[in-house]
Amino acid sequence: MMEQIIQPWPWYVAGILIGLIVPALLILGNKTFGISSNLRHVCAACFPADIKFFKYDWKKEIWNFFFVGGIFAGAFLANYFLMTDAPIAVSPALQSELAGYGLTDYSYMLPKELFSFEALLTVRGFIIMVIGGFLVGFGTRYAGGCTSGHAIMGLSNLQWPSLVATICFMVGGFLMANIILPWILSL
Amino acid sequence: MNNEKVQNIDSNTACVNASEQQHPGWYNVKYTIVGIIFGIVFVKAEIISWFRIQEMFRLQSFHMFGVIGTAVSVGAISVFLIKKFNVKTIHGEKIVIADKEFNKGQIYGGLLFGFGWALTGACPGPLFAHIGAGFYAVLVVIASAVAGTWTYGYFRDKLPH
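Protein chains in written order, with our numbering: chain V, 1 to 187; chain Y, 1001 to 1161.
The shape of chain Y in the complex, shown without the other chains (with noise of 0.2 Å):
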């Protein structure tokens, strides 16, 4: 039983949105200019600072509060309108999104991944974001965070789901 829900959550976290198009490798560069504007606001908006995830967790400032509360509400209007008025993709494919399944998963690893946030100051977009801003020490974390994601992967078929 354990072995068959953990394939169906393998559907559920690897390439669920491949769009079925294929377009050379160039055009992938489009991303790559989402990703800069994107990374320009962590360093701008001090996303990336260890002391404003502190401050979030102690309830000190309401910045990340605001910052991840609009996120949420500008996305959730997004997602509705390209829902409601059937917008399609630049290419012309309908856009889809897949739901996430529930596991017990998200609670363990949730929590964990709490902790890890908490010690570091980072989830892991921030993670890249520091190397970009020359702070290379934090290559140790992402390292790390490498290997904990490989260990996970080890262990998957023996941890509770």
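So that you can see chain V by itself, here it is in the shape it has in the complex (with noise of 0.2 Å):
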């Protein structure tokens, strides 16, 4: 039982437990699974700077950053006493083409190439980790969610807008990974 809970998990019980998340949360109190909606409660408590899209009741939100907390946790848990030291599996035409950009080390889920305060200071790793961010962050609000509130929350509930936000999701995602990226990483 523990070697299997120690070697990485399938697809099927990563899928199971997410899914069941959605049940959790709206049995244990009427809750929506959505998590970027915690940086619009971030801005709303810390910058709201007389915007009307962050003036509101955050506090009301409060069990999200709870949940965030949760997740934290769970991550520090989980890297900290249920891992091996195996290098991650790495599809091999990945790694070759990795391998053209430099990038070599497995020994983490990111690459410490690309990932690191010094990366920072790299083309690459600014338009990567900056850029990247505020993509995120100025896509989800606009898109009014993601992958957790639309493809999960959204998709389980039926919701047709949350259908096109997914595709948008996925479009937009190979377009970057197949187009843009490697110009990125050429960098």
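Everything labelled a hint here was simulated from the structure, so no lab data went into it. Keep in mind the model is a prediction, meaning the values are calculated, not measured. It cannot be assumed that every hint is accurate.
What the hints assert, rightly or not - Listed next, the in silico DSBU-like pairs over lysine-lysine satisfying Cα-Cα at most 35 Å (straight line):
no., chain 1, residue 1, chain 2, residue 2
1, Y, Lys1094, Y, Lys1084
2, V, Lys55, Y, Lys1030
3, V, Lys59, Y, Lys1104
4, V, Lys112, Y, Lys1158
Claimed, not checked - One-sided and incomplete, this derived list gives chain V residues near chain Y with beta-carbon spacing under 7 Å:
no., residue
5, Met2
6, Leu26
7, Phe72
8, Ala93
9, Val130
10, Gly139
11, Thr140
12, Gly173
13, Met176
14, Ile179
Unchecked claim - Which bits of chain Y does chain V cover? Going by a derived footprint, with three or more residues having C-beta under 8 Å, they are:
no., segment
15, 1024–1032
16, 1143–1151
C-beta: ideal position from N, C-alpha, C; glycine also.
Dock the two chains into a complex; use the hints.
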């Protein structure tokens, strides 16, 4: 049992557990699953700047900060107690592509060559961390949700606008990963 | 007209599902417990891995499609059962799920988020998980994401919806 927990979990185990978050939040307190809203609540709590979009009672949404606090704690527990030292298994096709950009470190979930404080001073590291993060924050709020709010919660509730959003997430991701990112990585 | 529409979206994006009931603050710990399970799954199934997201967008691995597809199926069956059997919350309240209203933001914003997702290899949930897993440089990505959200709020009335 412990041997299986230490190994990476298969997709169906993860999918079932994530899917169950939807009814868990609804039954525990009528809450809809959605993580990117927290970015808005941070703005509302810390920098409302008299912008109408951030003037609402964010304290009513404080449950979501507790939820995110749990994600921190869960990630901490899994990383320190439930992991092996084995490198991440990555498909050979991706490995050979990344090697062309000098990315060969598979010791962590993120390539350390791109995600570190030193990498911020490189052009590609800056684009990936700073511009990428900005697009995540701007795009999710513009779309009214992210993978959790639209792709999982919205599709679970058979909302067609969420299907539109999810298709656009995927189209944007395909374009970036296959067409624009190779150019950025070669900078 | 545009302003009226934006107002409309407001009511759909903030506090849509706020329960009418008042509870002591420590009741929120139940959401932390759900979050802990979520955080463990994120790390153990390598959903927070930049490499897994790159494989997904290059169609080099089934893993992420399997995760999302299974999650949506389980979520949809759960929502269906909750509605069919009129399941109440543990506090006896009727479960209400607000409908999502369409606006063009789902297209423009969706594409922009897609770009960001492929760049950072993370949607908002995994960003928070990275910090828990000790990858502190991702704090920069989160700060940028907050700045992006704030910028959206600032220019919101001028953007097409």
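Each hint tested on the structure:
1. For the given pair, lysine 1094 of chain Y sits about 13 Å from lysine 1084 of chain Y by alpha-carbon distance, which is consistent with the 35 Å threshold.
2. Restraint check for lysine 55 of chain V and lysine 1030 of chain Y: satisfied, since their Cα atoms lie roughly 27 Å apart, inside the 35 Å limit.
3. Of the supplied pair hints, the one linking lysine 59 of chain V and lysine 1104 of chain Y holds, its CA atoms being roughly 29 Å apart against a limit of 35 Å.
4. Distance restraint check for lysine 112 of chain V and lysine 1158 of chain Y: the Cα-Cα separation of roughly 38 Å exceeds the 35 Å cut-off, and the hinted pair is therefore not satisfied.
5. Using the Cβ-Cβ criterion of 7 Å, the hint placing methionine 2 of chain V at the interface with chain Y is not satisfied: the shortest such distance is roughly 13 Å.
6. Here the hint on leucine 26 of chain V is kept, as its CB sits about 5 Å from the closest CB of chain Y, short of 7 Å.
7. At about 4 Å, the closest approach between the beta carbon of phenylalanine 72 of chain V and any beta carbon in chain Y falls short of 7 Å, and the interface hint on this residue holds.
8. A least Cβ separation of about 5 Å between alanine 93 of chain V and chain Y falls short of the 7 Å threshold, and the interface hint therefore holds.
9. Checking valine 130 of chain V against chain Y: minimum C-beta separation of about 5 Å stays under 7 Å; hint holds.
10. Satisfaction of the interface hint for glycine 139 of chain V is found here, the shortest Cβ-Cβ separation to chain Y being roughly 3 Å, below the 7 Å cut-off.
11. A cut of 7 Å between beta carbons decides the hint on threonine 140 of chain V: the least distance to chain Y is about 5 Å, and the hint holds.
12. Because the smallest distance between the Cβ of glycine 173 of chain V and any Cβ of chain Y comes to about 4 Å, under 7 Å, the interface hint for this residue holds.
13. The beta carbon of methionine 176 of chain V is positioned within 7 Å of a beta carbon in chain Y (closest approach about 4 Å), and the interface hint is therefore held.
14. Contact between isoleucine 179 of chain V and chain Y, as hinted, is not supported at the beta carbon level, the nearest pair being about 10 Å apart and thus beyond 7 Å.
15. For the segment 1024–1032 of chain Y, the stated coverage by chain V is satisfied: 7 residues place a CB nearer than 8 Å to a CB of that chain, which reaches the threshold of 3.
16. Judged by the Cβ-Cβ criterion of 8 Å, the segment 1143–1151 of chain Y is covered by chain V as claimed, because 9 of its residues qualify and three suffice.
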